[in-house]
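Chemist: Okay, here's what each chain looks like letter by letter:
There are 2 protein chains.
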Amino acid sequence: MSLMYSSVRQFAKMVRQIDAWLEKAAAHAKTKSFDSAVLLQSRLAPDQYPLVRQVQSACDSAKLGVARLAGKEAPKHPDTEQTLDELRARIKSCAEYLDTIKEADLAGAETRHVTLPWLEGKYILGSDYLVEMALPNFYFHVAHTYAILRHNGIDLGKRDYIGMMTTHDGK
Amino acid sequence: MSLMYSSVRQFAKMVRQIDAWLEKAAAHAKTKSFDSAVLLQSRLAPDQYPLVRQVQSACDSAKLGVARLAGKEAPKHPDTEQTLDELRARIKSCAEYLDTIKEADLAGAETRHVTLPWLEGKYILGSDYLVEMALPNFYFHVAHTYAILRHNGIDLGKRDYIGMMTTHDGK
Chain B
1 MSLMYSSVRQ FAKMVRQIDA WLEKAAAHAK TKSFDSAVLL QSRLAPDQYP
51 LVRQVQSACD SAKLGVARLA GKEAPKHPDT EQTLDELRAR IKSCAEYLDT
101 IKEADLAGAE TRHVTLPWLE GKYILGSDYL VEMALPNFYF HVAHTYAILR
151 HNGIDLGKRD YIGMMTTHDG K
Chain P
1 MSLMYSSVRQ FAKMVRQIDA WLEKAAAHAK TKSFDSAVLL QSRLAPDQYP
51 LVRQVQSACD SAKLGVARLA GKEAPKHPDT EQTLDELRAR IKSCAEYLDT
101 IKEADLAGAE TRHVTLPWLE GKYILGSDYL VEMALPNFYF HVAHTYAILR
151 HNGIDLGKRD YIGMMTTHDG K
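If you read the sequences in order, they're chains B and P.
Reading the first sequence from the start, the letters are residues 1 to 171 in my numbering.
Reading the second sequence from the start, the letters are residues 1 to 171 in my numbering.
Just so you know, the hints here were simulated from the structure itself, not pulled from any lab data.
All values reported here derive from a predicted model rather than from experimental measurement.
Hints may contain errors.
Remember, identical chains collapse to one label, so a pair may be satisfied in a single copy or spanning two.
Capping the alpha-carbon separation at 30 Å, the derived lysine-lysine pairs in DSS-like fashion look like this [claimed, not checked]:
#1 171 / 24
#2 72 / 32
#3 72 / 24
#4 171 / 122
#5 32 / 76
#6 102 / 30
#7 76 / 102
#8 171 / 92
#9 76 / 13
#10 158 / 122
#11 76 / 122
#12 158 / 72
Chain B extracted, bound-state conformation (with noise of 0.2 Å):
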C-alpha cells in the first residue's frame, strides 16, 4: 500500500475514532444529567472555535484533503449540526465517502499540480499538499476536538486517540 494511500486509510480511522470519542461524550452527559448539545459549543479559547466546528473541521479536512490529491469532486455538506448525533451522522458520511477512495484514484497524486483558493497563481505539489497541509490541518482539529473533551472531564486516554495500530507477529 502506497504512503498516499495509506494517509487516506488513517484519515477514516481517524474520523472514526472521533465518533468514539463522541459516543463516550454521549454517556458522560446521561450520566452527569446534562445537554450533551453544551459540548459543542464548547471551547478553549473565545476565538477559536467551538467542538462542533473542530469536528466540522476535521471531516472536512479529511475529504477535501483526499478530493484534491484524487482530482475528484467531495460531497458537499452543509455545517448545521446542533447535536451529538447529528455530528455522529456527519462522521459516519464523511468515512464512508473516504471509504469510496481507491489506491488507483490516488495514482498520479503525488505529482499532481494542487490549487487551492487562498494560494492565488500558484500551486503545490501533491505530495506537498498531503504533508505540510492537509495531514497538519487534519490533526490540528482532531486533537482540539478531543482536548475540548478533556478539558470537559471526557475519560479519554492515549489509546483512544490513537487506536488500532497495524501489527504482526514476530520481530
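Starting from the known structure of chain B, arrange chain P on it as the hints suggest.
Modeler: Chain P in isolation, oriented as in the chain B frame:
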C-alpha cells in the same frame, strides 16, 4: 523527495514552528509582566500533560519516530527544562538532530520492522508506524502545545501553525 523523507523534513519544520510560538509566548509574558515559567505548567485538564511535557513529547515523538524509521539511536534528553529558554534549546537540539537525517538514511524505512516497548512480541511496518503512530502522536503534542498557548491568551493563528508551504508559480 519520498513521502517518508518529506515527513521527516515536516517534523523538523513543525518543531521550529513551536519554537516561534514559544518566542511569542515569551513576549506576551513580558508585556503582561508575568513569569513565563507559569505557562510551562499550564494544562487543559488536570490529568493531561502541562505545556512543558507537551513540548518535550512533541520533540521526542519526532526524534524517536525518525530514529526508529532510520534504524538509528536517537540522542537522549533528560526532561529537565524549567524555563521557556531551556525548552527552546531542547527544540533546537531536536531540530538539529532531525536535520542530520538524509534521504538515504531512510532507504528501506517503509518495510522496516519497527518494534516498540509496548508491542511485546509484535512489530509494525515502518510505513504503518509513520502513518498510524508517529504522525498522529507527534501532531497530538504539537496541537496540544498550540491549544494550551491559545487557552492562555497567546496570539497565534492558523498561519503560525501551518507555516510556509512549498508552493510554485503556475497552475
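Chemist: A separate judgement is required for each hint: does it hold in the structure or not?
Modeler: Status of the hints after comparison with the structure:
Taking the shortest Cα distances, residue 171 and residue 24 never come within 30 Å of each other, neither inside one copy (35 Å) nor across copies (45 Å). For the identical chains of this complex, residue 72 and residue 32 are neighbours neither inside a copy (44 Å) nor across copies (49 Å), given an alpha-carbon limit of 30 Å. In this assembly of identical chains, the alpha carbons of residue 72 and residue 24 never lie at most 30 Å apart, being 34 Å within a copy and 39 Å across copies at closest. Within a single copy, residue 171 and residue 122 get their C-alpha atoms only as close as 46 Å, which misses the 30 Å cut-off; across copies the closest is 6 Å, which meets it.
Neither within a single protomer nor between protomers do residue 32 and residue 76 lie at most 30 Å apart by alpha-carbon distance, with minima of 35 Å and 44 Å respectively. For a Cα distance limit of 30 Å, the shortest separation of residue 102 from residue 30 qualifies neither inside one copy, at 39 Å, nor across copies, at 52 Å. Taking the closest pair of Cα atoms, residue 76 and residue 102 come within 30 Å of each other only inside a single copy of the chain (20 Å); across copies the shortest separation is 41 Å, beyond that limit. Taking CA atoms no more than 30 Å apart as the test, residue 171 paired with residue 92 passes in neither setting, with 36 Å inside one copy and 34 Å between copies.
Taking the closest pair of Cα atoms, residue 76 and residue 13 come within 30 Å of each other only inside a single copy of the chain (20 Å); across copies the shortest separation is 32 Å, beyond that limit. Taking identical chains as interchangeable, the C-alpha atoms of residue 158 and residue 122 lie at most 30 Å apart only when they sit on different chains, with a minimum of 19 Å there against 38 Å within one chain. Taking the closest pair of Cα atoms, residue 76 and residue 122 come within 30 Å of each other only inside a single copy of the chain (25 Å); across copies the shortest separation is 41 Å, beyond that limit. When the C-alpha separation of residue 158 and residue 72 is checked against a cutoff of 30 Å, the pair qualifies only between copies, where the shortest distance is 26 Å, while the shortest distance within a copy is 34 Å.
Against the hints set out earlier in the document, violations occur for numbers 1, 2, 3, 5, 6 and 8.
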